[in-house]
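Novice: Residue numbers (the numbering used here), protein chains in the order written: chain V, 7 to 296; chain S, 7 to 296; chain P, 7 to 296; chain U, 7 to 296; chain L, 7 to 296; chain H, 7 to 296.
A hint or two may mislead.
A pair counts as met if it fits within one copy or between any two copies, since identical chains are not told apart.
Stated by the list, open to error - Straight-line Cα separation of at most 20 angstroms, SDA-like style, residue types lysine to any residue; simulated pairs:
no., residue 1, residue 2
1, Lys217, Asp176
2, Lys217, Pro267
3, Lys60, Pro172
4, Lys229, Ala258
5, Lys217, Glu232
6, Lys266, Tyr222
7, Lys229, Pro256
Calculated from the structure, these hints are not laboratory results.
Number of protein chains: 6
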Amino acid sequence: MFHHIKELQYNAKPSKPDPVYAKKLQEVLGGQYGEMTVMMQYLFQGWNCRGDQKYKDMILDIGTEEIAHVEMITTMIAQLLDGAPAKEQDEAAKDPVVEAALGGMNPQHIIVSGLGATPTDSTGYPWNSRYTISSGNLLADFRANLNAESQGRLQVVRLYESTTDPGVRDMLSFLIARDTMHQNQWIAAIEELEQNQKAIVPSTFPQENEKQQVSYSFMNFSKGEESAQGRWANGPSYDGQGNFEYVANPEAMGQVPFLKPSPAYIHGTPPTGNLPPNTNSSTFDKEAGT
Amino acid sequence: MFHHIKELQYNAKPSKPDPVYAKKLQEVLGGQYGEMTVMMQYLFQGWNCRGDQKYKDMILDIGTEEIAHVEMITTMIAQLLDGAPAKEQDEAAKDPVVEAALGGMNPQHIIVSGLGATPTDSTGYPWNSRYTISSGNLLADFRANLNAESQGRLQVVRLYESTTDPGVRDMLSFLIARDTMHQNQWIAAIEELEQNQKAIVPSTFPQENEKQQVSYSFMNFSKGEESAQGRWANGPSYDGQGNFEYVANPEAMGQVPFLKPSPAYIHGTPPTGNLPPNTNSSTFDKEAGT
Amino acid sequence: MFHHIKELQYNAKPSKPDPVYAKKLQEVLGGQYGEMTVMMQYLFQGWNCRGDQKYKDMILDIGTEEIAHVEMITTMIAQLLDGAPAKEQDEAAKDPVVEAALGGMNPQHIIVSGLGATPTDSTGYPWNSRYTISSGNLLADFRANLNAESQGRLQVVRLYESTTDPGVRDMLSFLIARDTMHQNQWIAAIEELEQNQKAIVPSTFPQENEKQQVSYSFMNFSKGEESAQGRWANGPSYDGQGNFEYVANPEAMGQVPFLKPSPAYIHGTPPTGNLPPNTNSSTFDKEAGT
Amino acid sequence: MFHHIKELQYNAKPSKPDPVYAKKLQEVLGGQYGEMTVMMQYLFQGWNCRGDQKYKDMILDIGTEEIAHVEMITTMIAQLLDGAPAKEQDEAAKDPVVEAALGGMNPQHIIVSGLGATPTDSTGYPWNSRYTISSGNLLADFRANLNAESQGRLQVVRLYESTTDPGVRDMLSFLIARDTMHQNQWIAAIEELEQNQKAIVPSTFPQENEKQQVSYSFMNFSKGEESAQGRWANGPSYDGQGNFEYVANPEAMGQVPFLKPSPAYIHGTPPTGNLPPNTNSSTFDKEAGT
Amino acid sequence: MFHHIKELQYNAKPSKPDPVYAKKLQEVLGGQYGEMTVMMQYLFQGWNCRGDQKYKDMILDIGTEEIAHVEMITTMIAQLLDGAPAKEQDEAAKDPVVEAALGGMNPQHIIVSGLGATPTDSTGYPWNSRYTISSGNLLADFRANLNAESQGRLQVVRLYESTTDPGVRDMLSFLIARDTMHQNQWIAAIEELEQNQKAIVPSTFPQENEKQQVSYSFMNFSKGEESAQGRWANGPSYDGQGNFEYVANPEAMGQVPFLKPSPAYIHGTPPTGNLPPNTNSSTFDKEAGT
Amino acid sequence: MFHHIKELQYNAKPSKPDPVYAKKLQEVLGGQYGEMTVMMQYLFQGWNCRGDQKYKDMILDIGTEEIAHVEMITTMIAQLLDGAPAKEQDEAAKDPVVEAALGGMNPQHIIVSGLGATPTDSTGYPWNSRYTISSGNLLADFRANLNAESQGRLQVVRLYESTTDPGVRDMLSFLIARDTMHQNQWIAAIEELEQNQKAIVPSTFPQENEKQQVSYSFMNFSKGEESAQGRWANGPSYDGQGNFEYVANPEAMGQVPFLKPSPAYIHGTPPTGNLPPNTNSSTFDKEAGT
């Protein structure tokens with residue numbers, strides 16, 4: 007259950023309206039890596055958590071904080087929109103700066119939301135839940151979280167440098183600092199989990215069941231070998247189970263695929279009879295005697 | 007530019023048809039973390055790469071390999087669908103096993119694709135490019151890649167254990183091994199980049215511009231303090247710039263938000279006059295004298 | 007800002023696992039009218055609210071409650087999934103009931119979320135924010151809210167009657183009761199607003215600017231006049247400004263549309279010259295002398 | 007079955023081209039509450055109608071009218087696009103007004119549709135059918151319809167005030183008047199249905215099956231009690247079955263959720279053993295002896 | 007403007023309910039190539055038409071017919087759903103055939119639409135307008151239409167053969183016949199247009215502006231030359247302007263791409279200095295002296 | 007399996023940056039008919055191909071070429087973005103041309119992709135796989151391919167004429183030429199297939215099973231008969247099986263639809279009893295005695 011505190015977690019006070027910037031700021035509200043994404047991702051990971059209570063609690067703490075971040079940015083955007091040009095713009099529109107501003111706004115900020123923030127990104131594309139993941143494996147999910155905080159902080163930094171409004175920058179400096187913490191936090195949690203299991207997700211799959219001869223091979227699928235210079239092509243692997251190998255000319259290991267003609271009820275295009283050799287004995291025949 | 011080699015990278019030969027399993031296998035073809043995602047993510051990261059050529063080359067090598075993985079799974083699904091029940095099912099449908107199979111299939115595998123794989127996930131939801139990221143910052147993107155390979159390997163392992171078909175398992179054991187390599191690879195590349203910059207993305211944002219007093223604080227937004235037990239709440243931070251701090255009762259630091267009534271052309275609901283104290287001098291007035 | 011309370015608002019304890027029902031229950035979690043929708047709709051309406059504080063507070067109170075509903079249903083679904091069939095299903099699959107259950111499950115509940123709830127509806131379609139509205143006009147939005155609670159309660163009732171599990175029914179009986187309250191609440195709030203303005207949204211548009219001769223006409227666009235029997239075709243209108251009129255044979259009042267051939271850079275299909283009479287004097291010519 | 011009449015229902019004649027306005031006008035064509043939404047919503051409600059014929063007929067009459075509204079707006083947009091800047095813009099682009107216009111256009115109006123309207127909203131987002139509802143319960147659906155006409159009229163009014171073109175305003179004044187009628191119509195139909203059943207949808211669910219002690223409680227989930235001032239917190243409820251009650255400090259009524267560790271085939275993160283007290287006797291044990 | 011005729015264009019009377027088939031039949035209602043697609047595609051092409059009136063009229067005639075097809079299938083699906091299993095299924099569910107049926111149904115047909123058709127495809131994915139095209143070039147669009155009718159008839163035929171219900175087959179035989187007509191119709195219209203212009207869309211682009219040395223080359227991007235056997239690799243081209251040529255080993259004609267490091271405000275990953283030769287004189291320098 | 011060649015298929019070198027044009031060019035990269043669409047469509051058609059090997063090979067050859075086209079356009083867009091305005095734009099923004107450019111850019115090109123191309127269209131809408139089709143019937147799919155190349159070439163031509171940059175035009179002239187070839191190619195392949203089967207897809211459905219009396223009728227669903235003038239209304243049909251017939255006043259051939267009231271568990275709106283005559287003997291009774 008949740009309670010609402012009327013004060014914002016941190017100030018969200020622009021120095022002046024800026025409806026064009028409001029459109030851009032939507033990216034970190036309702037974009038792929040915006041605050042809605044981490045809010046919903048953490049809440050679902052927490053609610054679905056089947057691991058230790060300390061993880062469930064930690065994840066829900068940060069998830070609850072992210073609702074407050076969504077609240078801050080929403081509030082900020084609504085105030086930035088206070089300056090949207092009014093009706094009967096014909097006079098103003100002869101001023102190219104005003105016209106340019108109108109061109110740069112999201113029209114839905116007037117027509118649909120009436121000077122309110124929308125749960126969309128900076129192109130107006132609606133947020134959807136496929137931006138989130140809750141897999142049931144905490145190491146996998148903490149890597150998703152570290153990625154989300156990395157992409158998110160990168161975007162907020164770019165937005166910080168796209169404005170000179172001291173009020174907007176003040177709020178963004180808070181979000182950037184929290185993202186600093188959250189990247190640190192997920193790195194810490196990842197290290198803790200990796201110490202209890204191996205680095206490869208999932209750590210519980212028996213190694214003998216994977217095709218081990220290709221488990222540490224970097225395969226060069228192009229002419230030229232610049233890709234041989236990296237750490238990924240030399241030295242021990244990070245799971246401590248092998249050594250990286252650089253395969254300059256990887257060979258195909260599989261069959262030339264051949265699909266049986268479709269049965270009549272599919273109404274496909276029947277082959278004219280030029281089948282490849284041995285294809286009358288089908289894949290299935292050879293493999294399993296079906 | 008690209009060339010096609012007719013042989014598959016590895017065998018894709020099921021032992022027998024299994025159209026219900028074909029539906030499930032779609033998840034790692036066209037799902038959020040399926041092979042289409044890593045294929046497109048790596049190709050776009052490579053094409054957009056503004057870093058060292060060795061990174062561009064490495065990313066495109068693995069992107070090119072992933073096209074081959076899409077090819078393998080597509081080929082496998084098409085063969086698994088060879089056993090889809092034929093037309094005029096009325097007799098067969100009295101057999102509950104056949105009827106159950108029909109219920110478990112994706113109907114589009116017959117109606118739309120005519121026994122072919124579809125670029126969708128296991129619920130039939132189409133793949134879309136918001137599953138991918140290419141941010142222009144390699145450390146951020148390599149974390150995205152490590153996450154994608156972690157989620158992807160987890161899903162393939164679950165699918166491996168959902169079948170006993172030796173042909174399917176053979177192919178999946180190859181994909182699992184490649185995911186082992188690719189997780190190792192991204193860990194290696196991440197470490198290499200972190201050695202050249204700090205662990206926090208982006209590393210180039212001046213620390214004095216963030217709100218440093220909250221950069222290392224874990225905030226407990228719930229009753230109870232199980233979340234205090236983790237590495238994220240104690241000890242030095244991972245960027246080497248501070249120490250984690252556990253804030254048991256985080257305080258709100260921001261204003262009670264107040265939005266100005268909307269102008270007439272918005273046709274909103276006007277307030278009846280019970281404004282909070284001091285709101286006739288608006289946010290903007292107080293902050294910037296506008 | 008928000009705080010999390012570890013206890014659920016109400017019990018979410020199934021009597022036994024039921025993974026097929028878990029799939030259905032997703033509808034009221036992540037569907038068009040599920041709890042995620044009202045949660046996000048109310049939160050955004052509250053944060054964007056430019057009306058009286060009592061409305062802002064009221065909307066955020068209910069929005070905060072809805073987060074708790076999302077939490078309850080997520081928790082319930084995760085427990086219903088405890089009974090998902092395990093790996094190596096081949097033996098069990100010969101039992102048609104088990105096979106049927108597998109066919110009726112959402113495969114992502116195993117492959118993607120690892121026995122966790124997903125932010126999707128009962129077909130696996132992801133939640134998206136176009137399910138919500140925050141328009142800046144409270145009367146319009148409260149009608150959206152009344153609709154959402156009406157559709158939502160209807161769906162929960164249907165789900166209640168699709169199970170006999172007493173634990174599931176207990177939780178749903180709570181949600182149904184809250185939906186009873188919430189429908190009542192929005193009816194009350196709508197009445198209050200309608201008393202301060204007219205019933206037609208927006209009430210502030212000057213009536214003389216609309217085409218008043220069609221403001222109260224029910225137009226019959228079919229043969230047969232069953233539609234004449236309703237309240238909408240007789241008596242005073244509900245805004246108190248007119249009387250309903252039944253137009254049995256509505257006439258077209260507009261022009262036969264004609265579009266100018268496209269300019270060359272569009273590379274359209276040029277007309278061969280058989281223009282309708284008078285079209286060389288185009289619409290624009292007649293209207294504005296362009 | 008349907009017939010087409012070549013005349014428009016009402017005039018759609020702009021006074022001059024305005025491609026930037028054409029982009030905005032798309033909102034009420036293909037947006038969430040545009041004419042395509044009500045057209046498809048009413049048609050599906052009518053075709054699916056299992057209630058009295060007079061309702062089926064009425065719904066299909068208005069659905070048929072809405073096709074004509076889609077036709078009018080499409081025609082209007084195509085004409086507004088006649089003024090899109092031509093190829094070889096380099097000279098013109100030095101004129102900032104022209105450049106601004108180009109920036110404010112939807113580029114697909116040239117590249118994709120060749121100066122035609124598109125079935126999308128004002129950000130270019132395609133219309134989709136999740137904007138509509140046909141639930142099988144007419145009272146629920148008429149509330150959806152009243153909401154759609156309220157949001158729709160609000161948006162058309164905002165668009166009316168964003169232009170001074172007399173031809174555009176003439177068409178919009180017609181649409182606004184029809185929305186006046188349609189709001190009146192749905193209010194009338196709702197009242198008629200509410201007189202035959204209770205106000206709470208669905209009216210047929212036995213009241214004893216809901217958790218009646220919370221059916222009329224307004225719960226205050228925040229500090230401060232501004233929300234106590236509304237009609238929703240005092241007096242008799244609107245279904246005539248109870249009295250509103252204001253709960254200033256709602257208590258959690260549910261369990262602290264605990265999920266069982268996932269089985270091995272899920273490859274989740276196993277708990278380290280610090281289970282909460284009594285959790286070895288799981289939820290299911292307590293409830294149903296499983 | 008449109009009128010509704012209460013009779014269906016053709017009978018839609020199933021012989022018995024079949025809710026599992028209802029799910030499948032959704033594909034040709036709300037799928038990628040369902041009747042909603044052709045309905046909306048033709049209506050928008052007609053309304054946007056800038057060519058001869060005979061084309062505009064013809065397109066709108068068929069668009070109007072397609073509304074009737076949507077109506078027929080919707081009506082059929084609603085009746086097929088009459089047999090959906092009722093509440094309190096526990097007894098019935100012990101019958102595996104009933105359980106299988108439940109697994110094969112779309113759960114939204116009960117929970118959301120209350121035994122009504124939904125504007126979605128057979129996986130429950132909502133219809134969206136990106137399925138349609140109206141380009142302003144009739145030859146391009148008629149090819150889109152021919153494709154849509156080809157895919158559509160193929161799907162209806164597969165559905166015809168998936169049932170033995172004589173009432174369903176009767177309706178589908180009508181739709182198949184209309185698709186026969188509509189394929190013929192678009193072939194006829196295409197031929198007519200091709201006689202007035204060249205076969206390549208758009209026919210108005212000056213041939214000297216394209217890179218003519220590759221305008222008729224089939225390029226073999228794989229080992230092996232099976233693709234040399236087709237008509238596309240030999241003989242005169244279909245636009246009468248050249249001869250097909252088979253290029254067994256196509257050479258790359260472009261540069262090795264090199265992107266400039268991003269400016270500081272992007273916060274990308276700076277290259278370490280190992281630039282390829284000559285890259286300090288950038289692309290732009292060489293081309294345009296910028 | 008695939009190999010990457012580091013050289014582009016053709017040059018992608020703009021003469022100068024142009025971030026506004028970069029936004030437009032996205033249409034033919036990630037739009038409905040962009041290069042990603044044909045790339046994925048051809049690859050899936052090839053991998054799923056159950057027809058002659060020469061078709062499979064041919065389709066995969068062109069699919070492989072399309073990957074190279076995606077690569078070229080991506081590279082071009084990244085370079086066009088080199089000119090995006092830098093941070094701290096306040097000074098520049100006073101220049102209306104700069105401000106206009108900012109308004110015309112896709113903000114995600116800075117915030118999200120850091121001056122890289124995105125897999126989206128010109129409005130920022132993400133590419134999704136429902137843009138593609140692989141049906142199992144080659145004639146149907148080749149018509150889809152011909153349409154895609156027609157729409158694609160039309161869009162590239164429009165983009166060619168929207169710029170004067172000689173480097174951009176050079177690349178586009180290559181793509182236009184390849185689209186010339188590809189339209190020719192699909193026309194050739196279609197003709198080859200039509201010679202082996204009939205022109206109507208699918209050719210294998212028995213003609214006696216369709217409702218032949220409407221297989222060649224053009225139905226006029228409007229007042230006025232302009233649509234009678236086309237080839238589709240006169241002369242022999244293109245499948246050689248009939249003659250086109252113009253039906254000036256098509257009659258309804260179906261029933262007035264009537265749906266049974268929904269069962270109680272649906273909680274619909276019960277009819278008040280005014281049923282149409284004979285409806286107590288339901289459709290099902292009359293048809294099949296069920």
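Novice: If a hint holds in the structure, say so; if it does not, say that too.
Specialist: Cross-check of the supplied hints:
1. Lys217 <-> Asp176: Classified as between: cross-chain Cα gap 8 angstroms, same-chain 53 angstroms, threshold 20 angstroms.
2. Lys217 <-> Pro267: neither (31 angstroms within a copy, 29 angstroms between copies)
3. Lys60 <-> Pro172: Answer is neither: 38 angstroms inside a copy and 31 angstroms across each miss the 20 angstroms cutoff.
4. Lys229 <-> Ala258: both (16 angstroms within a copy, 13 angstroms between copies)
5. Lys217 <-> Glu232: neither (27 angstroms within a copy, 33 angstroms between copies)
6. Lys266 <-> Tyr222: neither (35 angstroms within a copy, 33 angstroms between copies)
7. Lys229 <-> Pro256: both (11 angstroms within a copy, 16 angstroms between copies)
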